[in-house]
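Using the hints provided, position chain B relative to the given structure of chain A.
These protein sequences, in sequence, are chains A and B. With the first letter of the first sequence counted as 1, position 331 gets the number 331 in full-length UniProt numbering; the numbers rise by one all the way through. With the first letter of the second sequence counted as 1, position 233 gets the number 233 in full-length UniProt numbering; the numbers rise by one all the way through.
None of these hints come from the bench; they were simulated from the model. C-beta: ideal position from N, C-alpha, C; glycine also. Heads up, some of the hints might be wrong.
[What the hints assert, rightly or not] Derived DEER-like restraints, expressed as beta-carbon distance ranges: (1) B:Gly-195 with A:Val-44: 51 to 57 angstroms; (2) A:Trp-92 with B:Leu-234: 50 to 56 angstroms; (3) A:Phe-95 with B:Asn-228: 46 to 52 angstroms; (4) B:Glu-187 with A:Tyr-224: 40 to 46 angstroms; (5) B:Glu-49 with A:Phe-95: 54 to 60 angstroms.
Each chain, letter by letter, is given below.
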Amino acid sequence: MAWQTLTRPLRRHPVRPPDSGIARRKSIWERIHLDPWLLGLLIVLMAGGLLVLYSASGQRIESVVAQAMRFGFAMVVMVFLAQLSPTTFLRWAPFAYGIGVAMLLAVEIAGDIGMGAKRWLEIPGVIRFQPSEMMKLAVPLMVAAYLNRCQLPPRLKDIVVCAIIIGLPVVLTAIQPDLGTSLLVASAAVIVVLLAGLSWRLIAFVVALLSACVPLLWMNMHNYQRQRVLTFLDPESDPLGSGWNIIQSTTAIGSGGLWGKGWLEGTQSQLEFLPERHTDFIIAVLGEEFGLVGMLVLLALYVMIVGRGVWLAASSQDTFGRLFAGSIILTFFIYVFVNVGMVSGILPVVGVPLPLVSYGGTSSVTLLAGFGILMSIHAHRRLLPR
Amino acid sequence: MPQRRDTLKNSEQELRIFRVRALLAVLVVITLTSLLVGRLAYLQIVQHEIYTTRSEKNRVRVEPLPPNRGLIYDRNGVLLAENRPTYNLTLVRERVDSLEDTLALLVELLELPEEDIEAFNVRSRQRQRPFQPALLMSDLSEDQIARLAVNRHRLPGVEVEAQLLRYYPDAEVMAHTLGYVGRINAEELRTLDAGRYAGTHFIGKTGVERFYEEELHGEAGLRKVETNARGRVLRELGRTDPVPGENLVLTIDKSLQTLAYELMNGRRGSIVAIVPATGEILAMVSTPGFDSNQFVTGIDVVSYRALQEDLDLPLFNRSIRGHYPPGSTIKPFLALAGLTEGVVTPDSTINDPGYYQLPNDSRRYRNWLRWGHGRVDMERSLAVSNNTYYYTLAHDLGIDKLHERMSGFGFGQRVAHDVQGESSGLMPSREWKRERFNQAWYPGETLSVGIGQGYWQITPLQLASATAALANRGHWVKPRLALEIGDELVPHDLPNTLDDIHLENDAWWGRVFSGMEKVISGSEGTARRTGVGLEYRMGGKSGTAQVFSLGQDQRYNADELEERLRDHALFMAFAPVEDPQIAVSVIVENAGGGSTHAAHLARAMTDAWLLKDEAPNADDIKEVLEEDTANVEGD
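Excised from the complex, chain A in its bound form:
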């Protein structure tokens, strides 16, 4: 645990004399505000992801190169954000949130329809952009910033304010309709409230209330959303239609066995039986070609990243940093759980990519941006007066 001793106490100035030991000096990682463990784990994950992507994309090296370039860009964003002080984020929070909500409203009014839902905002020729993606960071940021001003655990008044902060963008995203993203945005923000110390009694009350709302929710769902739930409950009811995805992905994973069929040898993946095999269902390719062993290695990587992230959050010194960092890292885990749970058939199909493995740029940038903020919060600790 050499680096823990290196990084534990944070000093504004190296006040100790140089002869007290090299360990007292600010390390190179501290100077560039990055966490080497987290960075290392993320790089291993992305490298492994590219390996699987090569197989999942039908051995098209162009897809791998494109993905690597996105990763490169996302890394730049991460490193940049890590250099900013957490107080910057704290100050930006209301603006980021306000702009985000404004853009969601713009999408609702003038959005571009893609895949049957209004999700995109486009300034023609300049940028095409999904505001709901940005809200995955902006909403928990806003909640954390708000709670930072309150006395914790939050009182009922604060919770009502938080509920409004969360509710507005979530509803706007849900009516696009993009239920998956709205739930992820909501959960990222709710995690902040939970970490802030929401009383157990209130948690129990909300859970009970939500369960009661399930029938209401069902009534207001779009047909395709209902179909997804039904398919989840019984994929065999429509094996060639909506059940196809889940049947083919469980078949791919199950036929992989302990050791897998070998890289590029998965028949389900290579023969195109597996749908969305390089995006949302990419883990089925891993499961088929690398077996349970490959799956365990991947899950272990994710758990280590989450563990390190939680540690970094816990060692943050102010409330804002703790809450936001905790939210970022736990949301990351939710992505992993929802994706793997969906592909392996224990959760309904929702469009959640596997973090840093699925093909696609937007989510990689959001994720690494989150990690950048996480590192910034960790690297900019200062000694607090006691």
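Same frame as chain A, now just chain B:
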């Protein structure tokens, strides 16, 4: 920054809350991860076998390999039915995204008229086995194949399949006898062995193709292929080769068959030639013929309607389904019946005044020669085709004996061993008439039957096979079409349905033959013109079958009658008399007298078979026939 101070105040407590919550979150993370690991282990270890099987089933498809249909040869090894490679357009509905768009694109690519979309639609719906290709179009041109290949990516589920297609080189000549194959229809699909016919598109519909379907078809093979999700075959994993159908050698002699077809010269009718000793059918022609190749690829509606509505009924197989009154051609058989039953002897005579009268009946049953032939014995009765002799014979025999004896020659029954769709004709009897009309049999009807008129109806094949039995001196042999199946000779001694015919005195056969020889070679013979220059001994009998029945005292005038109401010309013959090699029946519809209009054709057939290359060819014979203007000799 007041809020900062506020936070600082509670920082200890806040940190404590956070740590508890973070610890709980880590526990949740561990629990959920364990859940995932459990689920994956369940899928990949516990249910591994199930999913392995499922993924194999996904990628491995068993495809049938249709066998090549057996070829058909004539007795000299001339190919009569072959398989030619053609390219077909097929479509698997389950793999097509939008059927409408695909069909429209195909019509555009293949430059077909718009109407074909409808035809495509019908065809694409026909076959209902899932994931089985439905045939949209046969016989693609090379240009069309190229255009499809270029646009293959736009046409998922559409394939160009190489296929062997049946082809009949001498379609018109062989059409009825050989039959043809056609696309398997929905009804046949229900009854067929799905395994054997998986991948087979064609089945024998008529003739030899239908009768020997089992032998010609062969056994389907299989191949296991790896496919992708869109159904494209990626590689072959294993195969069982199909067993091709057996080749068939027919008893047909193609040159004799062709001669027979040419001799008919476009007229309606039939010629059948049989080897008496073995029953081998040398030629069996029904005219007019049709192009049976049209039926292989699927005949278009217009052509089919034209064939069906043609008054000459080209699709009708006259040789085995045409019902004709036999006319005088059955006189030799009646003479034999008379001899067997002791009603006449070869030397017994009658006196012919030109008509016959039943006792206590004023009606006169006329001889064709109004003034009569005078004294007539058996041989003369055949040579001049005397009716009075046979009125007397039939009356003395009675309908019951007559029916029994004529049935012994195969009349009124299906006679052949392997001829598809043969009709039994009609040999009338007392019982038959009671059942059919609920009427008693009148003696006058026996007289009509005695000269091959009345209810009696024969098929050309029956007449030829009866002639063969007669030429064999009563030994019955089933006519047949198959000489060899695979490499196996079809045995000569097929089980017979009919007993041999025995005469009290074997020499009497010679007397009947002698009468039949005189028909052709005698000075009085009805077909004596036909016998000119005959190089071997030939026996025969002419017949003229009335289509239009005459009143009591009307005279027949061929010129005044509509062509289709004229008499049918018939002739039966065998040669050489001492050792018969060929028995022939000829029927020319509405041609007039048999001695004039059918006998030459029979002679041409025997000439061709017995003299081979020295025989006059069809053109020469036609010339002779044309010179020989209708000279109603009567019989």
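Evaluated hints:
For Gly-195 (chain B) and Val-44 (chain A), the hinted distance range of 51 to 57 angstroms is satisfied, since their beta carbons lie about 55 angstroms from each other. Range check, Trp-92 (chain A) to Leu-234 (chain B): Cβ separation about 54 angstroms, and the 50 to 56 angstroms hint holds. Separation of Phe-95 (chain A) from Asn-228 (chain B) is about 50 angstroms and conforms to the stated range, judged on CB atoms against 46 to 52 angstroms. Our hint of 40 to 46 angstroms for Glu-187 (chain B) and Tyr-224 (chain A) holds, since their Cβ atoms are close to 43 angstroms apart.
The hint said 54 to 60 angstroms for the Cβ distance between Glu-49 (chain B) and Phe-95 (chain A), and at roughly 57 angstroms that hint holds.
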